[in-house]
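Now for the letters of each chain:
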Amino acid sequence: MVIKMRNDDERLKYYSDVPKDLILKQSLNIKARSEIEVYNELKNILKKNKDVLSTPSFLGGGVWCHYVPPLVDYIASSPELLTSYTPYQPEISQGILQILYEYQSMICDLTGMEVANVSMYNWATATAEALLMSLRITGKQKVIIPKYTSPWRKRVIKTYLHPHKIKIIEYGIDNSTGQINLDEIKQSIIDAAALYVENPSFFGVLDSNVDEAGKIAHNAGALYIVGVDPLTLGVIKPPGDYGADIVVGEGQHLGSPPSLGGPALGIMAVRDDMKLIRQLPGKIVGLTTSQDGSKRGFVMALQTREQHIKREKATSNITTNEALLAVRAAIYLALLGSTGLRELGELILERTRKLSNMLSKINGVTSPLFKAYYFREFPIRLPIDPNIVNSKLLERGVIGGLNLKPYFPEFGNVMLLATTELHNDSHYELLVELMSKIVRGE
Amino acid sequence: MGFIQASWDEPLIYELKHTAPIKRWFDRVQIDINSYVPSNLIRKENVELPDLPEVEVSRHYTRLSRMNFSVDLGTYPLGSCTMKYNPKEMITLRDDARWLHPLQDETTIQGALEIIYRLSKYLEVITGTDKVTLQPAAGAHGELTGVLMIRAYHEDRGEGESRNEIIIPDSAHGSNPASASMAGFKVVTVPTGSDGNVDLEALKVALSKRTAGFMITNPNTLGLFEKDIVEISKMVHEVGGLMYYDGANLNGILGIVRPGDMGFDIVHLNLHKTFSTPHGGGGPGAGAIGVKKHLIDYLPIPIVEYDGKQYRLNYNLPKTIGAVHGFYGNFLVFIKALTYIEIMGEEGLKEVALRSTQNTNRFLDLIRNTRGIEIPYDPKRPRKHECAISLKPLERETGVRALDVAKRLLDYGVHPPTIYFPLIVDECMLIEFTETESDENVEKYASILIKIIEEAYNNPQVVLTAPHNTSIGRLDEAKASHPKTMALSWKMFKKRQLGK
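Taken in order, these protein sequences are the chains called A and B.
Note that our numbering has the first sequence beginning at 1, numbered continuously upward.
Note that our numbering has the second sequence beginning at 1, numbered continuously upward.
Excised from the complex, chain B in its bound form:
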């Protein structure tokens, strides 16, 4: 396999003790704390952190970083996450990019406002919407913003109380219903039909005067294009509901189909997925929202406007939902997304969709006849940028599950796909290579998967006990979450040790 991950028994920072001189980056002063802080607020005991020389801090975190996998180390085909290569840039390290205070006078941040404006304009054109805001800090944050705007729209029409339902397919990402709940809506779930698309008959039954909106991603989480989307938009609009597009899967249709053209009223985008900004181990991301004309009034404030000479922050939107971010969104992330779009151009963006889709379908062709694998929902239909496969046959025949296969993939120096999502597929693996994986990497991944399945049939133990080549083997996840054994901080761990 040629892969062994670094493995350090790296202590926690709290367990480190290194005695050496420490130089501060600021000047020390001597003060009498009693004349600077009210007596009942003075901190009595020092914080527990050790005092460490910089070299030991550097070693500690550098060693830890080596025990981590990333796109820059190998193929990372997590379905629904779009782990494409993140182009490297040093621009966001510039003082005039990152040492800007959000409350500075507009005249002193014209460059920043221009960047926000430009990116918004590109995203409007790409999504086919009329106005984009970059305020949400992540996709789910964008969903919340969108659903709050749906609420505001209906409240404005006197239907705030009556329209209390949001319809969501059973294949949807969990954040969709969670966002709808946070916005005070009741979630109505519609099933996916045997063709892998929303069951139109079931949708018809679910739609009513209580429908505030319908949330869907297209291509859907199976990787299939919702071919009836125009009909669905019509049906939802006919009962007075709004159409919400979850942009997590935009990679599959970027530059080829626009959500606005499919009938969507509100669109969110994940800049850290489709527009290549790095995932950072879980963020920061950015979740732009694009809306059609009839929803502009409800956008969060401020809106960035341009009068031909100056960029301005407009807070004067009487029907605004308010604000979802303390300021304008994750500005440094915008810079990366903007340069990505300008370097790619529309041809490059189309190529993203075409190649990511091709990678997925080529992979499918390589594994489709492998024993143990099933392609659910109309296997002959082309997928787009990602595909859901089922390892149910493998599990039935060998007892080896998708989880075990995922752990064994780690031994080969690649990251597993998303597992057990979407919920409607048993022993699911959702695979998304993105367009930045080479033909060879896709073929290699297919051959690795086939090899592991062979192992499952012939030598299951090696799969069931995987991984073997990573920093650590399987972990006791239950122990981490059980109230009696949980240790969610070092403080809690020590308390439990003392039997408290």
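Looking at chain A on its own, in the form it has when it is part of the complex:
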């Protein structure tokens, strides 16, 4: 169907320098519809989804479901913040600059680092860029990462590192404690640019080997990169206390819902060392004063690292990031405060232990898989394929945990379960009741 672009549209004169052949003559077949109709249809499409608030879910694996206090939505939707841009004119943008500075400061406080950027896209890309940083800083061509980490993060790491022809060595865990295998790290650390460790691990294990791992890395001249969930850091000691040079992590659940995995919030922070700070990607807000020194103010700092100045020599290409998610995280953490952060951490530890104990009572189920301390997540071994367990759970109105068998078949029928403050005891009782029936073949 040929669309008649109104040939009398006098504004076409502005396109006189465009070759006639390029001017679109066919229809795109996109009909304009009313807002009422479009939103109605969209609601009907969305109703086809099962969300984790209406259907109890035990999924985790790097994305977690935590409560979103309404004040976060309220402030983040304010017209002054939502429709603003990166604050290149600081005099008129002190609001967002200060909020982001507070976010950076809170991240440093939680992680024991001194400089944090305003955000990366998510944990996966933050880790990839931290590894690229370590290559630039050390000039070496090898990195050491966990074998047992999120397959989705690992895929992104490999994609980012591929063009640079980097040797990626993976280390395993102790099969009974679930903790990182220090011997495997010692064997491969030589000539490594970085050792990357996650605490808690992908399996939710709180890893007491992280002190030693850091020493091994530093003795070999490698940087120590630690991946964390900041919510654990109210009760767990920060990576800064065990030698981390760079900290990465996921901040999405600090005030935002899972959102099908995006938008998320990549955390990245470093020690107070100019060698590291100069190589940090992303935007950084700095504290300064007005030119006459009388008032405190905030500006974007160290822009000479970034693409708009250094171009092909920039530390990264990142421009638009996840700033609004960082704003949300700042508000969330401010609402918790230091006591709230600790109390929430303690609650999650208690919930995790409770659920894993309840599941251990089911005949045939090993819960938890490793003899370890867990935060929020833990693996269990089932007597039958986790895929079958999950289908049957879904039929009965529950979304089970993450089936790990396709990714780590060496562990057999293993499922990773996550629990947060959104679950209460009746959710656990339901899961236990259904799972008991399912493993009995009912």
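Hints may contain errors.
What the hints assert, rightly or not - Restricting the straight-line Cα-Cα distance to at most 27 Å, the calculated cross-link-like pairs of lysine-lysine (DSS-like) are:
#1 A:K43 x B:K309
#2 B:K234 x A:K20
#3 A:K313 x B:K204
#4 B:K209 x B:K234
#5 A:K158 x B:K319
Derived from the structure by calculation, the hints contain no laboratory data.
Using the hints, position chain B against chain A.
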């Protein structure tokens, strides 16, 4: 001027102290931490954050939000950013939109997959490409994805080592060369000719068997249409290179010219620019990528497919570059872009280009004869959605720079244009009104700019010391970045204070 911005001496959250009862949204429990956490991992000192009642947290962040400017407050004509009005919606606050876990079984997220699929299809048609992925989280992320696919394409043909150059015009946004570097390429820069378009002779010299690809935006960063684009595509393809389209400037040709028709093999789009999703102070955005048939094999996984009944996530692409996002991209942003396209329809999308272009050209006509302003590169040629002007004459004659004019614009309650980009224009201001600015706003902006230039000639101090009406005046940017005085976190600030 009628504009005074709110100004609070708002302390940092760390400096607040308010004693009042605090109610938690969760239940507290008493546990013996020693039986839950390995002893060497127990956090010894509490995190530094104060405990504040909700009312004080609300006040703190609300007051801060008032010291911020946005599209919803006034004209924000940042060139290359497309700060159009963001239609408001509450759909993304629904549970069935945002409380979805990415690892849920496909059967439980059919609605979400349908949204991803639909949006991809619209974008394929709009760009003239064969397959779109929504995985990249921003434009630069899309660029990286595209350049990685270019690499994969050549590696697949045994030319991964030999084709190690990406050619980029000197007018390009810095993210282009940065993305090319991240993908392991060497960047070769070609100059812009005196006509404001890529110098074809220089391009001819730069092209070779080492060329992996050519990255360009069209209209370019001067706001001029690259009229030789079809010839450029031919030249690049002839040496075996691929054409990459930076979609940041799509607003100027939306629905009128399609990148796919210009010869581009890979196209990225900025959903937070052209498709009106809010900028959020720096994100989240979304950077969709569209490719022609011969590049589909290399797309990041998973791909969303539809078999007529069900939507599926397909991870089976043997030649994929892998993944650039942990999951499927910034889903909530897709919802906004999808509804924008469906409400606008193709007539509305064309109107976007026509009106944004008209706004720019009307503005140019209003200021073109103003003393102090120069329109570089063929001033008589129509621009598209944005235009670069130079304040070099003003600077020469009065010492007042583009930076100073920008600061003075703030006093009038409008946001300045982009300054000092593109690099090829001296004392550059890159102005993009977008189609959502009214005729009156465009005229008003022109008259404000003319007034400020008059001020520069007659009373330069008021411009040189601007802004006066914002929360704060000019700031010491050097202090923030110097190793001796930098304070990039509250922790660092206190450390420096103690002389460490």
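Checked hints:
Distance hint between K43 of chain A and K309 of chain B is fulfilled; the C-alpha atoms sit about 19 Å from each other, no more than 27 Å. Proximity of K234 of chain B to K20 of chain A is assessed by CA-CA distance (about 17 Å); at most 27 Å being required, the pair is judged to hold. A threshold of 27 Å between alpha carbons decides the hint, and for K313 of chain A with K204 of chain B the separation of about 25 Å falls inside it, so the pair holds. Proposed proximity of K209 of chain B and K234 of chain B is supported: the alpha carbons are some 15 Å apart, at most 27 Å.
Between the alpha carbons of K158 of chain A and K319 of chain B the distance comes to roughly 14 Å, so the proposed pair stays at or under 27 Å and holds.
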